[in-house]
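Engineer: Protein chains in written order, with our numbering: chain A, 1 to 95; chain B, 1001 to 1537; chain C, 2001 to 2206.
In case anyone wonders, no lab produced these hints; they're calculated from the structure. Any given hint could be a false lead.
[To be verified] What the simulated footprint calls covered on chain B by chain C, stretch by stretch (three residues with Cβ under 8 Å from a Cβ of chain C suffice, anywhere in the stretch; the number is not a length): (1) 1182-1190; (2) 1237-1244.
[What the hints assert, rightly or not] Once the Cα atoms are required to be at most 30 Å apart in a straight line, the calculated DSS-like pairs of lysine-lysine come out as: (3) B:K1065 / B:K1197; (4) C:K2171 / A:K66; (5) C:K2172 / A:K66; (6) C:K2171 / B:K1197; (7) A:K63 / C:K2116; (8) C:K2171 / C:K2018; (9) B:K1155 / C:K2116; (10) C:K2116 / A:K66; (11) B:K1065 / B:K1345; (12) C:K2018 / C:K2116.
Note that the structure is predicted; figures quoted are calculated from it, not measured. For each residue, glycine too, the CB sits at the ideal point set by N, CA and C.
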Amino acid sequence: MSDEKQHIVPYSTFVVVLVALLALTFASIGITSIELGGLTVAAALIFAIAKTYLVLAYFMHIKYDKPYIGIMVGLIFLLFLAVVIITFLDYFYRV
Amino acid sequence: MQESQSAIQASYLRTPGRFKGFLGWVTSTDHKRIGLLYLYSIATMFFVGMLLGLAMKLELVAPGKTLMEARDYNATFTVHGVIMIFMVVIPGLPAVFGNFLLPLMIGARDVAFPRINLLSWYFYVAGVVLILIALLFGPGTPDTGWTFYAPYSFKTGTNMLPAIFGAFILGFSSILTGLNFIVTIHRMRAPGMGWMKLPMFAWTLYGTAWIQLLATPVVGITLVLVALERLFGIGVFDPALGGDPILYQHLFWIYSHPAVYIMILPAMGAVSEIIPTFAQKQLFGYKALILSTMAIAFVGYLVWGHHMFTAGMSGTAQYAFSLLTFLVAIPSAIKVFNWISTMYKGSINMQTPFYWAASFIFVFMIGGFSGLVLGSLATNIHVHDTGFVVAHFHYIVFGGVGYSFMAAIHYWFPKIYGRMYDSHWANIGWILFFVGFVSLYTPMFWLGMKGMPRRYYDYLPEFHGANILSTFGSWILAMGFIVIVFNLIRAARSGPPVGPNPWNGKTMEWMVPSPPPVENFEEIPVVGENDGPYNYE
Amino acid sequence: MEKTHQAHHEHYDPEASKIGMWLFIFTELLLFGAMFIIYSVYRYLNPEAFHLAGEELNTLIGAINTVILLVSSMTIAMSTSAIRKGNIWLTQQLLAITLVLALVFLVNKYFEWGSKFSHGIFPGSEYMLANYSQGEILFFGLYFVMTGLHAVHILVGMGLIIWTMIEVRQKKIHQEKYDLLENSGLYWHLVDIIWIFLFPLFYLIH
């Protein structure tokens, strides 16, 4: 499988990613402690999604792997999103 | 002849491994042996489920109590459903024929993870044992129906926990099979076998595997929650604690509707293999069939709500689910048109597998059309939870999977055992099965339209005639099944040996001896530039 | 010929085992996905109660556990780089750190759950039935189920890491063949991702 050998991710990259993740964590703690009403949920989720992206791309190597794994992951999230939306077609419009 | 005899001696059926006999089979990681292990266990469970079905039909032969009390009837249909859905039709084609054929069809020696493959059969057996424990021991046989609807599933005093846990384990077995197939198809295709050269059956296994992988965990966690609800009262589905039982139905059907496509896609795939062989033509519309397979797999994931039209969903959700349900009909119809077009102007070789495949199309279409009646909101309200629904899903699930399974076993039988069955008796079995099937389920359409509810052990006197016809049908069907099974068992033991390719099939499994040797291929085949999906040299 | 020998378990395709792990991760994502659907439905139906109940959780402990998991994720990611550079010693150290961090996470969790239990907050408790609204009971029901399920995954992940360490020690995992290490890492990151969502949903959004 020599064609599948990609470069080894340097330790420093991981450190940088960790620092970013920690920064995002504290930022999300900070932003949710402000009273934003309904936006709090959205803000917290956006930070969580950003963190997930970093973990997927760097820690889980998707950035360095063949693209199809990343595509699969993306499709899974889209499928999940579709299921959530359809489920909420019920709950949003309940009388 | 001499050659065929020696093929049997040299095949996977005989070659000794570390252990001999029974142990040699249950410890083998050979995909062909695992396929047969599934075949025998699934056939056994089908027989048990069929006996329960016969008992229900016998109860319904006359109004009032004939054979059992209402409570026993509830337990009987629950057990019948659990066995038939979780142990027969969901593993059915993928686990038996997928395991046996996938590596042969794509030119590999085995699946990607042979040991996980064996593990998934162990999980299957463990799940079966757990559910049988739930049925036979403890405070009472579960009587919730196979859907385990909340809140009754954690209020009933019956032996629910082992049944739920058993269904969870069976789900795990299904996930592992699907995982194995996806990796196998991605990584182990023979050199030169591109995606557009995969046989249809492999494609449908691929679509099915994705559904197994993505839908099963949802029901897994839902069943865990029901168990936790029973044990600790967490309140998630309990209306007394603020939970929403309809949410249980959502989650349950997010799995269990796609599960129907887990069953039907490989059934369609098997039929797509059989029809070209006996029409002696190339498969018509190969790419359209692939697209429709993936479309069914995807859209089928988003239509679960049509099981809940009367449960109390919002109107908006009902419209959406009805629309999405109708969308699934399009790729299904594309498939039917492609099969018919494959036969068109073909020189049809009328053999037992073809009879089964053709009758598959017939029952599948009746099942599909009655599905549209249920998918449209207004008619659904009329026939919801009546015999109509039962007739519909037996036409689709039993008709679809059962006929395709029979077509597949009669088609690949010479490949699996290296021997041929008696086609005279096979045809008699088919006609009995078919006549029995139609007279068993067709009256239930009428009964449902007239308002006979499902899951009742009793009915009004005016429904008597149709119920008698239905019960008679069940006996004819069972007779047909027994004829078929005896014919096949006899052939497996002492049928005349056949060569590698008795039907003149064009896919790769016919290029190796029957039965195949342990290693499948002496050398991994190389698929040439110009070899299509249905002509390998 | 290599091909004729690849018949059974001997043949080694790291890409295959990696896809296998990814597919398994997908099932885990959908499993927790279903839990998140349940959570969001009940949050939508009981916004006030979820707000009140969320304030009873200790954000500090949640934040500490988040940091612990993020750091452990980094150490196990580094261990893959270390093995590929052939540094067995560093690989083992990094795995050991990951394991210790996982244990610390669980200890924290234990005390967190313990303090809830001592206040009478646990599924099916009489105290909750008497003093809490239905929405709050649902919140804590989901809290215990989801963090409990996550803790089970931590345990499984620790098992995988221990297994990996044993194989590294036995030289079964080395510079050329490290798929088990990589897969344990992937699994551990999955556990991390789930926590990335659990933390704001339970501890932050009041």
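Engineer: Work down the list of hints and note, for each, if the structure agrees.
Structural biologist: Going through the hints against the structure:
1. With a threshold of 8 Å between beta carbons, the proposed coverage of the stretch 1182-1190 of chain B by chain C holds, since 5 of its residues qualify and at least three are required.
2. For the stretch 1237-1244 of chain B, the proposed coverage by chain C is satisfied: 4 residues have a C-beta within less than 8 Å of a C-beta in that chain, meeting the threshold of three.
3. A hinted pair counts as satisfied when its Cα atoms are at most 30 Å apart, and K1065 (chain B) with K1197 (chain B) does not qualify at roughly 57 Å.
4. A distance of roughly 28 Å separates the Cα atoms of K2171 (chain C) and K66 (chain A); the hinted pair therefore holds under the 30 Å criterion.
5. Taking the CA atoms of K2172 (chain C) and K66 (chain A), the gap is about 26 Å. The hint holds against a cut of 30 Å.
6. Under the criterion of a C-alpha separation no larger than 30 Å, the hint pairing K2171 (chain C) with K1197 (chain B) is inconsistent with the structure, at around 41 Å.
7. Taking the CA atoms of K63 (chain A) and K2116 (chain C), the gap is near 41 Å; set against the 30 Å cutoff, the hint is violated.
8. For the proposed pair K2171 (chain C) and K2018 (chain C), the alpha carbon gap of about 20 Å is at most 30 Å, so the pair holds.
9. Between K1155 (chain B) and K2116 (chain C) the alpha-carbon distance is near 27 Å, which keeps this suggested pair within the 30 Å criterion.
10. Distance check on the hinted pair: K2116 (chain C) and K66 (chain A) sit about 46 Å apart at the alpha-carbon level, beyond 30 Å; violated.
11. With a CA separation close to 54 Å, the supplied pair K1065 (chain B) and K1345 (chain B) exceeds the 30 Å bound.
12. Restraint check for K2018 (chain C) and K2116 (chain C): the C-alpha separation of about 40 Å exceeds 30 Å, so the hint is violated.
Going down the numbered hints, you'll see the structure goes against 3, 6, 7, 10, 11, 12, while the others check out.
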